[in-house]
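All chains should be built: construct the whole structure from the sequences, respecting the hints.
There are 2 protein chains.
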Amino acid sequence: MSQIRIIEVQQSVFADNDKTADALRAQCREKGIFLLNLMSSPGSGKTTTLKRTIAALKDEYRIGVMEADIDSDVDALAIAGTGVRAIQLHTMGMCHMDAAMTRKGFDELVDGSIDLAILENIGNLVCPAEFDTGAAKNAMILSVPEGHDKPLKYPLMFQVCDVVLINKIDVMHVFDFDLEECKKNILMRNPNAVIIPICAKTGEGMDAWYDWLRTAIRDWRA
Amino acid sequence: MSQIRIIEVQQSVFADNDKTADALRAQCREKGIFLLNLMSSPGSGKTTTLKRTIAALKDEYRIGVMEADIDSDVDALAIAGTGVRAIQLHTMGMCHMDAAMTRKGFDELVDGSIDLAILENIGNLVCPAEFDTGAAKNAMILSVPEGHDKPLKYPLMFQVCDVVLINKIDVMHVFDFDLEECKKNILMRNPNAVIIPICAKTGEGMDAWYDWLRTAIRDWRA
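Chains Z and B, in that order, give the protein sequences.
Numbering-wise, the first sequence is residues 0 to 221 according to numbering that gives the first Met the number 0.
Numbering-wise, the second sequence is residues 0 to 221 according to numbering that gives the first Met the number 0.
If you are wondering where the hints come from, they were derived from the structure by calculation, not from laboratory data.
For every residue, glycine included, the Cβ atom is placed at its ideal position computed from N, Cα and C.
Take every hint as true, because none was put in to throw you off.
Interface residues of chain Z toward chain B, partial, derived using beta-carbon atoms under 8 Å: (1) VAL73; (2) ASP148; (3) TYR153.
Written as structure tokens, this is what we have:
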């Protein structure tokens, strides 16, 4: 029996996703809640990045996390270990989160005491990019072992993200990863993307990410 | 202008995928062609694994490769560099390959002179697992940096694969990757999965993979 609240969410094929997303975004703005949609491939370091981010910011913001997975609750348990509110969303095989699914989790997560709500999306560089979840901002993580050519192959993900964290820079020496080439590839897809190299495990570069997040939250509430 | 033949393939929503897949498989068996469907997350090492596999086996088999991507032709160019026949399939945004899409590529690839046809599927641990492509066997690559917990989160991919290559074992010391735990997680999803740890970059463990492939091809033609 899991210690974590698990909610089953399934895509409604008839939903008007953009309308639902806009409604959720409007509600978040009215209540001063910043909803962040965090996307990446499987194993790029979403949960590790979140754990460190929570440790750094939990005295500044009341944080709640929705962990979306097809199965298991390992990530929600890891987040709950940080002391913030965490719920697990099970997508019943679905490869992405849409706005209605996000709304269902959001309504469970937010009880009036959350400033920063984070959706850790399904690990997938393709489908999640196609669905507006209602988030204020989209963030993605590209990890060094995946390679600097990924923006060439997965264009939409890089186009829809406001910020790209390049994670696992501590192992750049053991992979054929060209950081400048990677930045060039990202900016070719999205000239407005903010690019922040980090190592979520050691904390390197994370201050720039916290500052980006603080500014985005402040602007959202202004 | 690309030097590679690029074919646009798009999912037919009305197609009876299983029927199309069975027909392609029957045709392959009749002609003695072994079609391998290779899947993984983005950046797990599909192309590197293929390049080394081709170098090792190209004197034994006439090999042809279909590179499926949403955009770009970097992988097909890399494969063409090995001297075998390579074509690029563009999925026009689709997150997976189905049997009709595979058939379209297959008909372009196979001109009577191929023994081993390989489909490098879209980098995605979710959607490709849902569609029978018509392949004789499904293979997947899980790379060490992705983590040993992936079978817990992406059940179907591990269920549908005949063989799981655990790649990038050369960097196991810099990641918190537990090989025995990983094997346990894979076998929990699929007790029949053959698991082969490899390093496609250095060649470590690749002989076991070539042997698995030789046996699978021999059995297919028997």
